[in-house]
Amino acid sequence: MAFGVVQIHSAKPNSPSLWQRQIYAMVLGLIVMFVVTKMDYNRIFSIAPHLYGFGVFLLVLVLLFGTEINGNKNWLQIGPVGGQPSELAKVFTLLMLVKYLSSVRVRPLTLRTMAVAGAIWIVPTVLVYLENDTGSTLSFISFFAVLLFLCGLRWSWIATGLAVVVLAGFIAIPKIKASTSYKAERIKAVYWPELAAKRYRYQNEQSYIAVGSGGTYGKGIGSGTQGPLGFVPEVHSDFIFTIAGEETGFLGCSLALGAYLIIIWRLIEAAQKSRDREGTLLVAGYTGLLLYHVAISVGMVVGLLPIMGIPLPLMSHGGSSILATLLALGLCLSVRLRRFVN
Amino acid sequence: MKSVPNNPADSFESKRQMNLRLEIVRFLALAIFVVLGARLYWLQVKNFEYYRDRADNNRYKTIPIPARRGRILDRNGKLLADSRYVYNIVLERKLGNREITPDHFPEVHKLLTSNLDIEAKWLGERFEAAKFAPRHVPIVVKEDASSREVQWVAAHNNDYPELRVERAPQRHYPNGVLAAHALGYVGEVSKEELNKLESQYSEKKGFKFGDIVGRAGLEKYYNEVLAGRDGWRRVTVNSQGKIEDELDKADPIAGRDLFTTLDLDLQQVAEKQGDTMPSGRGALGMMDPNNGEILVFVSRPAFDPNTFSQRSKTPEGREEISDYYQDTDKPLYNRMIQGGFVPGSTWKLMTSVAALNEGVITPKESRIQDGGIQLGNYFMNSMSHTGMPDVVTAIRVSADGYYYRLGLKLGEERFAKWVEKFGFGHRTGIDIPNEGAGLQPVAATKQKISEALSKRKLKEAENAPTPEAKKKLIYQAEQILKEAKWTDYDMAASAFGQGQNQSTPLQLMRYVGGLANGGKMYTPHFLLKAVAGTDRNDAPQPEWKYEEKNVFTVPMSPEIHDLVKRGMYGAVNESGGTAGGSRIEGFDVCGKTGTAQVASNARAGSKNKDHAWFISFAPKEKPEICGVVLTENSGFGGKLSAPRARAIYDVYYRRKNNLPPDTQAQLVKRP
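Residue numbers (our numbering), protein chains in the order written: chain A, 1 to 342; chain B, 1 to 671.
These are calculated hints, taken from the structure and not from any lab test. Check the hints yourself; a few may be wrong.
Below, in silico cross-link-like pairs of lysine to any residue (SDA-like), each with a Cα-Cα straight-line distance of 20 Å or less [stated by the list, open to error]:
| # | chain 1 | residue 1 | chain 2 | residue 2 |
| --- | --- | --- | --- | --- |
| 1 | B | K15 | A | V106 |
| 2 | A | K219 | B | K46 |
| 3 | B | K15 | A | R105 |
| 4 | A | K198 | B | K482 |
| 5 | B | K208 | B | P66 |
| 6 | A | K219 | B | K242 |
| 7 | B | K249 | A | A115 |
| 8 | A | K198 | B | K242 |
| 9 | A | K273 | B | K15 |
| 10 | A | K198 | B | Y41 |
| 11 | B | K482 | B | P465 |
| 12 | A | K183 | B | L247 |
| 13 | B | K529 | B | G429 |
Which bits of chain A does chain B cover? Going by a derived footprint, with three or more residues having C-beta under 8 Å, they are [stated by the list, open to error]:
| # | region |
| --- | --- |
| 14 | 47-54 |
| 15 | 124-134 |
| 16 | 141-150 |
| 17 | 204-217 |
| 18 | 247-256 |
| 19 | 263-269 |
Now the in silico label distances, taken between C-beta atoms and shown as ranges [stated by the list, open to error]:
| # | chain 1 | residue 1 | chain 2 | residue 2 | range |
| --- | --- | --- | --- | --- | --- |
| 20 | A | R43 | B | V137 | 25 to 33 Å |
| 21 | A | G220 | B | K204 | 25 to 33 Å |
| 22 | A | I23 | B | D538 | 48 to 56 Å |
| 23 | A | K273 | B | P540 | 23 to 31 Å |
| 24 | B | E224 | A | G169 | 46 to 54 Å |
Yeah, the Cβ is synthetic: ideal placement off N, Cα and C, and Gly gets one too.
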């Protein structure tokens, strides 16, 4: 996290309020995490429906009164407090799904169970989709998929699902190539750069140049030239890893990725050792979400995935993301701490 | 495989299954991280050199496109200021892997001055200033380039890709000196302004080296309205520094047009009147007394704002500008708002209103002795000897002796109260910068000035070379303090507009507006409206109309108002009046002349002739226009200033009634 603050500072050295706000959010987040860790997660599950309802309510508010930033209508401002409710909604939806799925102990999953779980899941997902926030919509898929998988989705169904995705991809490819919508352009910029409009290609190339020019050891913290000069857009939030790449090089990036991998590793361990089904599913579901965030926000910076507005957990600027991440980690720690207690 | 809930054995089986699947998730995660790591390795280790070169080359460049400033228009939409496009030659400092550092400046300086028509000294200064500017900001090395110069740059593009021809707007004032002091002028923002946080054009507020901003007048006051949003082009540059391709572009958005309250037709007449002022110095302003909209605004001598906006980078233009600064008549000085002048007899109306309100005289009984008066051991002479006139007559014939005595009856305390009520000694809040406040001719002012003077003497005494000189200076300081007391002489002088009085012509225009409409003091202003548009920061702005501010009322009963108007009407239209020169048949002009004695006898000569004032409004009932004329150092107000107001009223009256223009219109000729 401290690494993140330093990177935000490097990204926008002239905006002190950015990294200061980030620190405030972190302090608040750490307090929330500490409190949640101390609590028994089963108590939190008892209020999961309320949290879920609250999350959906916030998402509706965003659609009605939210402000649009960079084409995504996902920012809600109530008096002095503002944030992206979609970040919190992810965690609340996860809680609700886990609560439901852990009460159903039938393996493999029946159609009925999947329908109920799907209903719980689809409401916030559609709301987020309506905010025009593709990255967040896909992140809802990430933990849903992991939960279904763990709860005993039949292998035949999985195979069918994957086949459908691949098929859909083949059908969509020519359409994407022909389309000039900004989403299509962003996809083209990664996989078929010669077809993409110059301005989209420009963003991607700038990101590769920044990361690539970092080399093995990086240019040193605070001495990046590409990111801070404004060649890369949105460096302090979704493109934060660009700065890390440029300033700390392959070494720093590997360390950062390693740290994420260790977190995910330990989360999976905690999931396996949990005393009950709720704990396992909760931790595993969050692991899926975290994995998704890291994969996308690093993947897009290094040119493996199209650009999507997704924060890198614990590093990107954004109070809501920090808070939601620390809240979820608090829950996971709570599960881990109580693994032996019965 | 069918399971039964809550069966511990089955729960164990379920747990086993789940852990198995968790292992799959774990390996998926590992796979993803391996792929990400591999890609990072490929980018940062394998292809490091390629990307390092690309970063160094920095093939992308953003080139700003300056926005056109909004136009300034008169109240009917007639043009006062606009922008024309010219070709500038611009030096890019960083292109591809070529960079021009300050070490290269002498070389570039030589190249440019030997091939283009650029003044060597000016370019040297420009490079000096550019040393401190960020490297990505280009330097304009030549404004309004000739076609030969444009061709030279194009022909040498291969050798000097850093030089570029840029189409840019340049401020143009089609009427030259017309209303120059109201419009102001534009110029480049200075280094000091950029660095100073609280300056209007600081870097913090988004201004950058080379930006053209308002430097004076409306151009400065309404810079935020007039400045447009700059555009940009994002281009790729090859390793030789040549622009290869355009990636993206944002067109500039022109600034918002500003409708002023000025009336070009009347302004043109007023400019002619200003041109014929004998000393070449003076001021002339007219406004609508019902709302403070300024119709006419002239200060003499004037300057041509085109000199600043178009020629400031040529030797001739720089010569002209330095002449403006060195001219002892100060053409850049805005006499209308900055000049503090003794207002002379125009103040008698103020004294009259004060005395009538305080009951020193009444509408029915206002007769007071006229003529000279003995004040202690000093005899104050009066130019008038009209016996025992009433207040209307006293205004009409401008009876000095009447006002000496009226002032003494009123007394300093009540007089000072009314000076304050009329707003003298305070800025009006006009919407152009650098307005002066003037000085109130009251006891407190005298005290303050004397104290300052005395202090200065004492300070001199401290450094006096000999004890005798020191003693003398201390004595003088004490004497000044003794004389600081308000005397009858001060009172009599202040009452008829002399003494330690500094009023701006603008204050007198607001004052006569109040006298015309019965006491409502509107703030004179230029803004009629700014059209809707986009501001400098790309935010949409709605249409903006002037909002009244600082408006206050001087208490004046209809009865008192009527007396003042009758006096002013008589001054223009009746026998014995001092301002017959402004009479127009059918348009009841009311006015008051003033002749301010320029005190310094030591500098006697034509330069120190009296200032001629004329304040007026018309018509008598429901006045529509009012104004002030000041002709500096030339003589009597009735002779030198009243006819100038008449010339403007005449055009106004004829236009309003669709009468043919008066070809015989008498212009005041330069003697």
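* Check each numbered hint against the structure and report the violated ones by number, ascending. => Failing hints, ascending: 4, 6, 7, 10, 11, 14, 15, 20, 22 and 23.
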